[in-house]
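K.L.:
Chains C and L, in that order, give the protein sequences.
All letters in the first sequence, in the order written, are residues 1 to 493 by my numbering.
All letters in the second sequence, in the order written, are residues 1 to 493 by my numbering.
No lab work stands behind these hints, which were simulated from the structure alone.
A quick note: this is a predicted structure, and the numbers were derived from the prediction, not measured.
Glycine included, C-beta positions come from ideal geometry on N, C-alpha and C.
Where hints are given, some of them may not hold.
[To be verified] If you want a taste of the chain L side facing chain C, the calculated C-beta under 7 angstroms gives, among others:
#1 34
#2 156
#3 273
#4 275
#5 349
Number of protein chains: 2
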Amino acid sequence: MQIEVDRSSREPIYRQLATGLQQRIRSGALPPQTRLPTVRQLAQQLGVTRLTVHSAYAELQAGGWVEATVGRGTFVAERIDELIAPPEAQLGREVSPAGMVSDILRIGQLPGLISLAKADPAHEFFPMRNWQRAIELALEAGGPQLMGYTTAQGEQSLRSVLAEVVRERGVSAGPDEIIVTNGVTNGMSLITDLLARAGDTVLLEQPTYLGMLNILPSRGVRAVGLPMDGEGLVIEALEAALRRERPAFLYTIPTFQNPAGVSMSPARRAALLDLAERHGLMIVEDDIYGRLGHAGASPPSLKAADRSGRVIYLSSFSKSLMPGLRIGYVVAAPELIGRLVYLRQAQDLCSPPLMQRALAIFIEQGWWQSHIKRMLPRYRERRDALLSAMERFFPAEVSWTRPQGGFSCWVTLPRGSSVSDLYMSAITRGVAFTPGEVFSPAPNPQPHLRLCFSAEPPERLADAVATLGGLLRERGGRHGLAEPALSDYVPVV
Amino acid sequence: MQIEVDRSSREPIYRQLATGLQQRIRSGALPPQTRLPTVRQLAQQLGVTRLTVHSAYAELQAGGWVEATVGRGTFVAERIDELIAPPEAQLGREVSPAGMVSDILRIGQLPGLISLAKADPAHEFFPMRNWQRAIELALEAGGPQLMGYTTAQGEQSLRSVLAEVVRERGVSAGPDEIIVTNGVTNGMSLITDLLARAGDTVLLEQPTYLGMLNILPSRGVRAVGLPMDGEGLVIEALEAALRRERPAFLYTIPTFQNPAGVSMSPARRAALLDLAERHGLMIVEDDIYGRLGHAGASPPSLKAADRSGRVIYLSSFSKSLMPGLRIGYVVAAPELIGRLVYLRQAQDLCSPPLMQRALAIFIEQGWWQSHIKRMLPRYRERRDALLSAMERFFPAEVSWTRPQGGFSCWVTLPRGSSVSDLYMSAITRGVAFTPGEVFSPAPNPQPHLRLCFSAEPPERLADAVATLGGLLRERGGRHGLAEPALSDYVPVV
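Using the sequences and the hints given, assemble the complete structure.
P.N.:
Encoded structure:
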């Protein structure tokens, strides 16, 4: 097996090994169904530990490059052709919210790509040791009960901790006013099932979280977008919409909005709550980025100022800790929670109690809070790297938001630019982003990109922006990118 | 703190301690918000290890008896009144599928009750050490990637293993024909969303799995029950229904049916597939108990004989391993899987990759197979204990099935017996079962109980049956239980 490892490289040896094997599979040197050396053999040959080889094989297996069967060995995957096809053959088949969610989840599994597509926390800083410790502590204390069923509402121990957690966002709720969900997307899906019927309308910010635009049409619910500016949702537009529509609810991300990267101003928040009161509007507040103010400070949640129970509050640990937990939660009146519990029972009974209990312990130990504290300067650094690279590499006609928190930046291209063409070209050059159109229910005259800065180190962000800048300039000539913005140009954010 | 522990008892000391504390909380000796001694203090006072006290506190916390805050200590819960109300105040509020699922999940959290209500694997035999080892191996090999997002279809490594797993049930499928779900209930929920619209009809066995009767009305889908006998689903009844209805699909549990405890005969299986072919009927096969034949042998799955892709196959690890994994799967044609993936994205994006990868490793190590092998004689022993206790303690007018696999036994009472009255009385005496009516979409003239024998040791099963037998005899006098069965009595199983 001709594979070289460079011990002086910053790249871990197991990754070098995995990449080397991928190259040999790609080139055909290792055809489908070839048996690979055993872990022991390869470790001996390369002079590395068995764990290193094991990790490389596990990564290849996870990516579908090889298949392993106990007692028989590890083999190059039979259907490897699908994998070694160029990435654009697998991606971009459908520029729709559903197609894009699918792409974004796949992109995470493709090695080598610089991804600005996914609003993902930085994996390399995941507190793996403390997480493993929390699992051990949970198993020690909880034993087999943690591998049984639990209630659909979620583990009491976690809900008690969550009551403390939301208090820091100004939300006062007991454990009975909380339901644990499989991430925030699941909370939105359950709330949609609870409050909206097929044919109903839901109002939301334009642009908004992709997942919501994926959920609504799957229920036959119509999404109506409302404009935003630098202070967030434009209240006059909401008021006009409320005169026309009787929406099931308004979905909003008031704090560090994804993808726009702006927060709703205090005046707008007050006006929104006032309007909701007058029109009997239910508000679903997604506070997933609420803790992730780059300077540490965050505006208080909408729910904190909700006097009449019109706000249903949602959040999760996917951005502030690790998305693989698949743990989010909804805070609402006990009566609504009771109905969400029934829907949850008719969806999947309950979330894994081990993950819930381990997370409760993780938070009780103070490890979540210290992780956030450690991450905020990192995210600020990455945001700054993205902003200054855009300043340097992007054509003058391109503009963008300057987020004070969260993971994403919203980039506005001049009219007439083809974002899907840029998307496919960028992927071919090893850079992924998300085309702006998938974040809006209605076509937008102005083309946009969402660039997420959270998951890549500053150097790679700069490389990616340089690549995108080059592509934008190339296209500038062809597609009139250099044209001045038209006079009817309305900034979305 | 006046608590006595009995070191000669078979009950673990931490449980004695938890029970002792519960009694003191219940009696008011420890009122709400009382601070409990620290773990160290109580361990010293009682001469037990700190882990023991920690486990007792964790159990109390999990049950909502106490609340703990790092740095402040452990306190008797503020809202303890809700907990110390008699259990019937919390249970049996609603004898409907949704109410009963809720009860069944709660019953698992109530200490002290002998529960024959839940088709739960035996917790005391959960392979906790190997499971923890599998988590460690997964984390070693997969690292932070395991705490990120994964694809909605599920981890490639697990789907490769599942392809092997289903092969042993006669199902030939590649990893791309499999989607990972949050248990089998989630598979059913997604398939219902895929194949049925509000107003549609779904055919199912009567009685059938409670979860399905909970899912269908939540989607506005009508459930129509078909009779069963000792050979399973009555094919003539299906044929008649197919002449009347155009069902979205038929849901069936052909092997070791829950709750009936019978399997569909080979002749019926062949007739069913033939009928499906002729009528263009889709069949959803739930094979969750397929591996759990008490004598080791199981009929092959329906899907194994499906030549025309009319069978969608579902299963999970909740019965054969541990329900807290929340991992099930659906096997279907790639085109259907692709549509389920989109629905999964609009539900909760993906299942926790750590749980998926650890389960893949657990199975690859052969630990799942050896666990099943170890459990089968246990379940047989428990079934036998239940059957002989019923023989001994139940009035002669009561009859029941003799399951060859699975976890549940279906008990038929004479007409006129009030099952909900029995349910409440049994709970007061510390015994839980499930009233039969919740397993059927239409009222049944004959009253039934489901007794699950899987989760309690033989002695406790006998105690529970003795209690139920006593209650049945008491009621016999009042409600005419001793009356001979009427001539129009049709056995449901």
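K.L.:
Of the numbered hints stated previously, which ones are contradicted by the structure, given in increasing order?
P.N.:
Hint check: 1, 3 and 4 fail, others pass.
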